[in-house]
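Numbering (full-length UniProt numbering), first residue to last: 1 to 831.
What the hints contain is simulated information worked out from the structure, not anything from laboratory work. Warning: the hint list may mix true and false statements.
[To be verified] 20 Å max Cα-Cα, derived EDC-like pairs, lysine to aspartate or glutamate:
id, residue 1, residue 2
1, K783, D812
2, K783, D806
3, K783, E794
4, K825, D796
5, K226, D215
6, K596, D183
[As the list claims (entries may be wrong)] Quick list of the computed label-pair ranges, beta carbon to beta carbon:
id, residue 1, residue 2, range
7, S422, K481, 39 to 45 Å
8, D183, G396, 48 to 54 Å
9, D183, D712, 57 to 63 Å
10, K41, K589, 34 to 40 Å
11, E295, D529, 48 to 54 Å
Glycine residues also receive a C-beta, built at the ideal position from the N, C-alpha and C atoms.
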Amino acid sequence: MSEQQASVEETDRYDVEAVQAKWLPVWEREAPFTADEHSGKEKRYALTMFPYPSGDLHMGHAEVFALHDVVARYWRFRGFDVLNPIGWDSFGLPAENAAIRNDTHPAEYTYANIETQAESMRRYATSFDWTRRLHTSDPEYYRWTQWLFLKLREQGLAYRKNSAVNWCPQDQTVLANEQVLADGTCERCGASVTKRELTQWYFRTTAYAQELYDDLDELQRTWIGKVVNAQRNWIGRSEGAHVGFAVEGHEPITVFTTRPDTIFGTTFMVVAADAPLAASLVTDAQRPAYEAYVEQVRAASDIERLASDRPKTGVDLGVTATNPVTGEQIPVWATDYVLADYGTGAVMGVPGGDQRDWEFATAQGLPIVRTTQPPDGFDGEAYAGEGPAINSPAEGASAPVDLNGLGVAEAKSAMIAHLTESGAGEGTVNFRLRDWLLSRQRYWGAPIPIVHCPSCGEVPVPEDQLPVELPDLRGADLKPKGTSPLGAATEWVEVACPACGGDARRDTDTMDTFVDSSWYFLRYLSPHDATQAFDPALAREWGPIDLYVGGDEHAVLHLLYARFFTKALRDAGLLDWDEPFSAYLSQGKVINNGRKMSKSLGNGVDLGAQIDEYGVDAVRLTLVFASPPEDNIDWADMSPAGSLKFLQRAWRLSGDVTSEPGTPVADGDVALRRAVARTVHDAQDLIENGYRFNVVVARVMELVNATRKAIDSGCGAADPAVREATEAVALLLSLVAPYVAEEMWERLGHSPCIANAAWPVVEESLLVAESVTAVVQVQGKVKARLEVAPDVSEDDLRDAALADPDVVRALDGREPRKVIVRAPKLVNLVV
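Between the sequences and the hints, there should be enough to build the whole structure, so can you do that?
Written as structure tokens, this is what we have:
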């Protein structure tokens with residue numbers, strides 16, 4: 001660069017703060033991203049997981065919004081009418097707990113944070129349609145959450161029952177199975193989860209277990225694999241049989257097993273200690289020991305109970321069951337390694353084929369019988385693999401069915417046929433998935449719209465009385481106590497029964513906040529409609545969502561619940577989709593120095609401070625350019641300062657262009673025009689086929705360099721090819737750096753907003769290469785590179801290679817023994 005050019009670059013500097021202050025009010029006024037269902041254009045629905053108002057935006061928000069915005073803005077350039085709404089998931093435990101710590105009402109805390117985040121989002125220049133803004137804690141929203149609850153109840157999909165539930169001792173509320181982490185702790189606060197016996201509300205997610213499982217095959221094409229696998233594993237489909245074991249004086253014990261071929265090896269039964277079945281089976285003599293054991297079991301979480309390294313304990317219930325195939329009497333034990341809500345809460349103990357059963361049998365001195373022959377050299381304990389059946393029946397024993405010598409699949413089929421014929425069992429499918437527990441014993445949530453009447457029982461609140469609004473309870477003690485604070489709001493709780501008019505009480509539990517987020521994408525379709533939750537006609541027009549962007553921390557929780565709601569509402573006649581999210585893009589995390597950002601670790605990065613120092617565009621560009629979307633980003637390795645320097649360099653191009661807008665470009669610099677065409681073509685392919693936004697940025701950087709080189713090498717700022725290239729840079733940059741792009745667009749002579757422009761049209765002829773570089777190798781070493789026509793023939797390429805001076809010198813008079821030609825890229829000479 002010359003001294004004069006350097007001097008110009010020092011004086012002609014891009015003022016980040018001035019440009020941001022200039023364009024934000026323009027975008028507010030113009031509102032270019034307002035969706036119009038009456039536009040007649042093809043529609044695209046772009047959705048990002050809406051934020052929780054726990055404070056100002058953080059680096060995770062910055063990443064997901066930047067990635068999401070690339071697609072939303074790109075679709076708009078391509079001529080689609082794009083729905084890209086925003087709202088807040090504003091009910092829930094974190095906001096309530098934070099409000100309590102700050103001695104503030106949850107509503108004050110939540111809505112103050114929402115306004116803070118909203119202001120930051122506007123500054124961050126995301127292309128949201130602000131006319132559709134919603135908050136799930138608004139009565140206008142949760143009125144319809146309550147209506148949908150009642151709708152699902154009409155379908156038999158919402159019900160109340162008593163059972164052992166997950167209990168968070170810190171938050172003093174129940175948790176769904178999906179909200180207990182793998183280490184047995186609460187996903188919200190980290191406390192160790194225990195069990196309690198409570199009557200709670202559930203959604204019958206198991207009614208859709210098979211469909212939820214099967215439809216993952218289709219989602220596998222457009223969802224990230226680990227998310228699909230997480231859902232598949234959580235639903236946990238397994239094929240097997242239900243088998244009945246007779247118990248004298250009691251109903252038969254029914255168990256589910258995936259290996260009915262191992263019944264000959266069943267030497268005991270185990271029942272979940274906290275299941276009603278165990279309490280009904282235990283003899284009087286064993287009851288004191290059993291009850292003491294149950295108290296011990298209830299102190300452990302499900303995860304702890306299922307841990308493979310946990311000692312296997314239990315209590316003999318004092319009764320026996322009859323093995324339906326051998327006729328033998330086998331003891332029945334209560335244990336902690338069987339869960340009450342899995343299958344029937346009872347398991348047949350097959351220590352020869354199950355390691356947990358082996359460990360339990362060994363600890364309790366129970367018999368062990370192998371029913372599958374392990375391979376030669378097997379030196380383990382239980383064996384659950386393939387092999388011929390043995391001891392089925394044992395040598396010299398008689399039995400109604402003989403499986404010996406059969407492979408596992410044949411033996412399973414033969415045993416299921418026998419069980420079905422004899423009436424002792426039948427083939428069936430079982431799922432790990434349990435129904436969704438949605439009750440919460442906390443204040444800040446949508447009240448459950450049910451009235452409990454001594455005469456009428458559970459009575460739904462009439463539709464014209466919705467919403468059942470939360471009482472204000474300002475000044476009341478909302479600290480978690482194990483029962484809902486709403487129970488103390490006497491004037492709110494005590495009501496007349498809607499059915500008989502007698503004295504009744506409202507249900508004092510509130511709904512899990514995941515209920516709100518299971519249908520919010522539908523409310524965006526008609527957020528101000530006071531007559532219905534959403535317009536089914538608009539749902540048909542806009543849905544399902546074309547692309548959903550968010551973190552894979554919701555791989556099971558939110559995504560599974562939203563899928564369930566969609567299927568339930570379809571069956572209620574309100575939707576014609578099977579799945580809510582046609583494609584799902586999962587972004588990685590923003591970490592710092594190799595670790596998750598944390599105040600306790602002192603490695604947090606303040607988003608606001610980064611924006612103040614480098615500007616919105618530099619932060620957005622850094623996040624998008626760092627890596628493919630699904631990878632983690634270590635901010636310690638990033639350079640927003642470098643991003644800002646690049647943006648300034650791109651911006652300067654717009655000040656160098658001297659040709660007028662609309663100048664014919666046909667006679668412009670061909671090399672530069674080819675670079676523009678290739679960049680635009682590649683960007684389109686990279687966005688649509690793999691979301692490789694970081695590579696798009698790299699291509700734009702190359703185009704900026706090519707344009708600067710063309711200007712500085714004599715092509716001239718007046719060359720229309722320079723304008724074409726600079727306009728392409730502005731349009732492509734607007735996907736990630738909207739402030740710089742808008743400023744460039746104005747300097748190029750265009751009216752705002754750049755978002756209203758169209759995607760650049762590529763002349764196909766410019767994508768055809770004029771020449772191709774052919775590599776010539778002699779004995780495997782590159783000796784020459786030839787510029788040849790793309791359609792060069794093999795003969796012509798061979799002749800050109802043999803005539804090249806460098807190749808002639810390499811051959812040194814020797815005749816090639818073999819000439820291998822791969823036109824137009826390669827010639828390989830073997831001597």
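Original post:
Do D183 and D712 keep their Cβ atoms within the hinted range of 57 to 63 Å?
Top reply: With Cβ atoms ~60 Å apart, the hint holds.
Subject >> Pair hint outcome, K596 versus D183 [Cα-Cα no greater than 20 Å] >> reply: Holds: K596 and D183 sit about 18 Å apart, inside 20 Å.
Original post:
Holds or violated: are the alpha carbons of K226 and D215 at most 20 Å from each other?
Top reply: Since the Cα atoms of K226 and D215 sit roughly 15 Å apart, the hinted pair holds (cutoff 20 Å).
**OP:** Would you check the hint for K783 and D812, treating anything up to 20 Å between C-alpha atoms as holding?
**Re:** holds, 13 Å
Original post:
At the C-beta level, are D183 and G396 separated by a distance inside 48 to 54 Å?
Top reply: holds, 49 Å
Original post:
Given the hinted pair K783 and D806, is their alpha-carbon gap at most 20 Å?
Top reply: Roughly 6 Å between the alpha carbons, so the hint for K783 and D806 holds.
Original post:
Is 39 to 45 Å right for how far apart the beta carbons of S422 and K481 are?
Top reply: violated, 54 Å
Original post:
When you take the CB atoms of E295 and D529, is the distance between them in 48 to 54 Å?
Top reply: With Cβ atoms ~52 Å apart, the hint holds.
Subject >> Holds or violated: K783 to E794, with C-alpha atoms at most 20 Å apart >> reply: holds, 19 Å
**OP:** Just tell me: holds or violated, for the beta carbon distance of K41 and K589 against 34 to 40 Å?
**Re:** holds, 36 Å
**OP:** Sort out whether D796 lies within 20 Å of K825, counting only the CA atoms.
**Re:** holds, 13 Å
Violated hint for the displayed structure: number 7, the only one.
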